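Next come the chains, spelled out residue by residue.
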Amino acid sequence: MTANTQEQEQELDLTRACEIAEEEVGSQGPVIRVLQRVQAEYGYIPPDFLPEMAEILEVPLARIFGALTFYSQFYTEPRGKYVVKVCVGTACHVQGSKNILDRLKETLEVDAGETTPDMMFTLEPVACIGSCGLAPLCLINTETAAHMTPAGMVEKVNAIQERESAPVAEES
Amino acid sequence: MAEETKSSGAAVLDAPAPESEGTPSVMPKRYVPWPEGADKPRIWIGMGTCGTAAGAEALKEEIEAWLQEHELEADISPVGCVGMCHNEPLVDIQVKGRPRVSYKKVSSKNLAQILKEHLVDGAASKRAAFGQLVNPDESQEPYEGIPNFHEEPFFKDQVKIVMQRCGVIDYRSIDDYIATGGYQGLKKAVTLTSDQIIDEVKKSGLRGRGGAGFPTWMKWKFARDAEGDDKYIVCNADEGDPGAFMDRAVLEGDPHSLLEGMIIGGLTIGARHGYIYCRAEYPLAIKILNNAIAQAQEKGFLGENILGSGYSLDISIKEGAGAYVCGEEMALLNSIMGERGMPMIKPPFPATRGVWGKPTNINNVETFANIAEIVKNGGDWYAYWGSETTKGTKTFALTGKVKRPGLVEVPAGTTIRSLVEEIGGGMVLKKVGFKAAQFGGPSGGCLPAEFMETGIDYESLNAGGAIMGSGGVVVMDEYNCMVDTARFFMEFTVDESCGKCTPCRDGTALMLQILERITHGEGQLEDMEKLDQISGFTKANSLCGLGQVAPNPVLTTLRYFRDEMEEHIVEKKCRAHSCDELIEYVVVEDSCTTCGLCKPPCPTDALEWEKKQVAFINHETCIRCKACVMACPFMAIK
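So the sequences go chain by chain: A and B. Per the numbering used here, the very first residue in the first sequence carries number 1043; after that it's consecutive. Per the numbering used here, the very first residue in the second sequence carries number 7; after that it's consecutive.
Accuracy of the hints is not assured; some may be wrong.
[As the list claims (entries may be wrong)] Here are the computed lysine to aspartate or glutamate pairs in the DMTMM-like style, where the Cα-Cα straight-line distance is at most 25 Å:
hint, chain 1, residue 1, chain 2, residue 2
1, B, 293, A, 1100
2, A, 1198, B, 465
3, B, 352, B, 465
4, B, 632, A, 1153
5, B, 632, A, 1065
6, B, 436, B, 163
7, B, 632, A, 1197
8, B, 293, A, 1148
9, A, 1127, B, 626
10, B, 364, A, 1066
11, B, 578, B, 616
12, B, 436, B, 465
13, B, 115, A, 1197
14, B, 115, A, 1185
15, A, 1198, B, 325
16, B, 122, B, 163
17, A, 1127, B, 150
18, B, 194, B, 81
19, A, 1147, B, 587
20, B, 536, B, 577
21, B, 364, A, 1090
22, B, 193, B, 147
23, A, 1127, B, 63
24, B, 111, A, 1185
25, B, 110, A, 1148
26, B, 545, B, 532
27, B, 293, A, 1065
28, B, 66, A, 1153
29, A, 1147, B, 456
30, A, 1127, B, 325
31, B, 102, B, 163
32, A, 1147, B, 595
33, B, 605, A, 1153
34, B, 110, B, 147
[As the list claims (entries may be wrong)] Here are some, though not all, of the chain B residues that point toward chain A, as calculated from beta-carbon distances under 8 Å:
hint, residue
35, 42
36, 43
37, 47
38, 48
39, 55
40, 103
Note that these hints are calculated values from the structure, not bench results. Every value quoted in this text rests on a predicted model; they were computed, and no experiment measured them. C-beta atoms are modelled at their ideal positions from N, C-alpha and C, and glycine is treated no differently.
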């Protein structure tokens, strides 16, 4: 779903990622830490980095790939400017979070876990953010929206779309 | 149940330990003592994850702006979660010589009024006040007409040991922790032998609060007796159960109580290093913990030669990366070591072969948070509370369709009715009755109304087919479909099964297939038999706890809600109107009051309504989103 992945990969500079890996050489069990730090830096883990990482840490590539794909919080593709998270934990589920997710899929025309072609929104169901008293709960990046309804979320997303498509939209 | 009484001792914060067995013990309430020489009013804002989600951040700015505008000064502190999720955001205000007053549901609308009444007029704002906390050890002039905080129905039956400071003390302040009796357990522990500590923990009857309920003293003894000098103590803060957030409350609201418990545990087993494995979904908790660790080191409670005892321990935080199975102890250890979080065959147990192959002891956050009080007050003191087999208190995350969702701590053995009706305030929708309480997250089970009078402890829940788990309680009403609930949990387990062993990987996937078929109206009667068979097989043959308990939601549904499942299969009907493909909404003419409340929420305009006309649903355009059903206060849409 990411139309400009190719373009981005071409110009991606892996120097910083390699530096991070170098820094962790010799520390105990470095794989997850390196992945976490690289992701914090790049927003995702560039697949091209993995062979380099294996070489620097002297860890088999398969093991790194194993850890990377095991954990749900590692991403191998760039994500949207706005990550819309819909909590689908038990408390939110019984309060109707599925309806919110369904409406957002329709509105954004993406499936769960996907990013819109314009790299603006990533829709992500998450299992429990731990604020069950405020169910159903959604997150747009770090901003929380408590006691949400499908219509309420669509409104929020539309507001962002409008703001972003305004002629003076700032580039971050 | 222990009736709460006011603490009467001079030192507010020391719980009186019973001299002999049978002495009624008392868990005093925690109050932050008024700082000596301070004149400025104090303001506490509930700024845990849930408070922040409810808008506490903006509220703090507004309070600051208001103070500036009125040329007033106040000490503003963030506090964690006191448990009243239903009343967020919470703001507490105290002026010198008066009790601290807790205000509920504070918003920009009533904030200025509250601040003016409290700080300028010298009265408490009655409309917004939840209650006042009158500290019996300071001479405070109570406010008239404001209820006592601890006498409110939500708190009346609670006994707070683990959560005593959550939402009360500034979570950034080690001084607040010490001023409220903190680190006294550790001070006592360094004077005891490891046998004495283990003995106290044994007397307390404390069992693993992560869910399995293994006696803590025994775990500690195994780890202490294990050979090798290089030992590890690990805290499992990978609270992954959806619907559970009690550990988060402790991590955010009272991080030092966890550290103190861990240090005592480390001292007992002789660990040199400690890890707190915290899920990455709790960024605030990680930040607060890091701060607490640095403070404890500075004060000499952590690091080299702790309190001059010659014992040294360092603690670091390992951040998870999003894998539910990492709450399983062997998987957690693998994840700490930077690998895929896969469980392993036991033995060897972590007590002999854990992190980096060294003897390791792993306990859950809540277990550790109990330790300091147990060591300080003695095991008998703790064992006063609870049921025959489960001692002490247990925190529960009470959510779902109750009026007052939140975090509660009650003595083990408290009935489900007391939890749901007295503390939780009953069901949200008066006319829609209680259907089931779901205990123990995705590996737990749904207990129907006939269990209302059951006292909650490890054994009673197991007997009912549920488990204690970490303590999530999701209350469901007639609008919740039990087949869909079982499907929901199975979907979660399928996602989170690590895939290492076949019974769990394939068993859960097969069960999900069958459950999906049933909720789509394509079920067959023999499906129930199949579910039963696969459940038994998965339970008996899975490698780790995750698979062994994964069929529980299916089994309890088969056991208590068999008729509902049959209805899905035979009549192709979902009585809860939850399974999309099995419903067709209609307006019941006799019940419709023609109010029109159902029209605005309809996203597809399938709901047709005109003034003074009974509403009508167009089945062609209806997407069965249920928005109208939820909006109708008269239950006229079925």
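Here is what the structure says about each hint:
1. B:293 <-> A:1100: Violated: residue 293 (chain B) and residue 1100 (chain A) sit about 31 Å apart, past 25 Å.
2. A:1198 <-> B:465: 47 Å, violated
3. B:352 <-> B:465: Distance of about 24 Å is within 25 Å: holds.
4. B:632 <-> A:1153: With a Cα-Cα distance of about 21 Å, the restraint between residue 632 (chain B) and residue 1153 (chain A) holds, given a limit of 25 Å.
5. B:632 <-> A:1065: With Cα atoms ~54 Å apart, residue 632 (chain B) and residue 1065 (chain A) exceed 25 Å; violated.
6. B:436 <-> B:163: 23 Å, holds
7. B:632 <-> A:1197: This hinted pair holds, its Cα atoms lying about 19 Å apart.
8. B:293 <-> A:1148: Cα-Cα ~37 Å, so violated.
9. A:1127 <-> B:626: 31 Å, violated
10. B:364 <-> A:1066: 22 Å, holds
11. B:578 <-> B:616: With a Cα-Cα distance of about 33 Å, the restraint between residue 578 (chain B) and residue 616 (chain B) is violated, given a limit of 25 Å.
12. B:436 <-> B:465: Not OK: residue 436 (chain B) and residue 465 (chain B) at ~32 Å, beyond 25 Å, violated.
13. B:115 <-> A:1197: OK: residue 115 (chain B) and residue 1197 (chain A) at ~23 Å, within 25 Å.
14. B:115 <-> A:1185: Holds - the C-alpha atoms of residue 1185 (chain A) and residue 115 (chain B) are around 21 Å apart, at most 25 Å.
15. A:1198 <-> B:325: 31 Å, violated
16. B:122 <-> B:163: Judged against 25 Å, a Cα distance of about 33 Å means the pair is violated.
17. A:1127 <-> B:150: Violated: residue 1127 (chain A) and residue 150 (chain B) sit about 45 Å apart, past 25 Å.
18. B:194 <-> B:81: 33 Å, violated
19. A:1147 <-> B:587: Within the cut-off at roughly 19 Å; holds.
20. B:536 <-> B:577: 19 Å, holds
21. B:364 <-> A:1090: Violated, at about 35 Å.
22. B:193 <-> B:147: 35 Å, violated
23. A:1127 <-> B:63: Judged against 25 Å, a Cα distance of about 20 Å means the pair holds.
24. B:111 <-> A:1185: At roughly 19 Å apart (the allowed maximum being 25 Å), residue 1185 (chain A) and residue 111 (chain B) satisfy the hint.
25. B:110 <-> A:1148: 37 Å, violated
26. B:545 <-> B:532: Since the Cα atoms of residue 545 (chain B) and residue 532 (chain B) sit roughly 20 Å apart, the hinted pair holds (cutoff 25 Å).
27. B:293 <-> A:1065: 22 Å, holds
28. B:66 <-> A:1153: 37 Å, violated
29. A:1147 <-> B:456: This hinted pair is violated, its Cα atoms lying about 40 Å apart.
30. A:1127 <-> B:325: Given that 25 Å is the threshold and the Cα spacing comes to 20 Å, the pair holds.
31. B:102 <-> B:163: The hint is violated at about 30 Å.
32. A:1147 <-> B:595: Measuring from Cα to Cα gives roughly 34 Å; hence the hint is violated.
33. B:605 <-> A:1153: 28 Å, violated
34. B:110 <-> B:147: Satisfied, since the Cα-Cα distance of roughly 21 Å is no more than 25 Å.
35. 42: 36 Å, violated
36. 43: 38 Å, violated
37. 47: 28 Å, violated
38. 48: Violated - the Cβ of residue 48 (chain B) stays beyond 8 Å from chain A, reaching only about 25 Å at its closest.
39. 55: Cβ of residue 55 (chain B) sits 6 Å from chain A, so the hint holds.
40. 103: 34 Å, violated
When each numbered hint is compared with the structure, violations occur for hints 1, 2, 5, 8, 9, 11, 12, 15, 16, 17, 18, 21, 22, 25, 28, 29, 31, 32, 33, 35, 36, 37, 38, 40.
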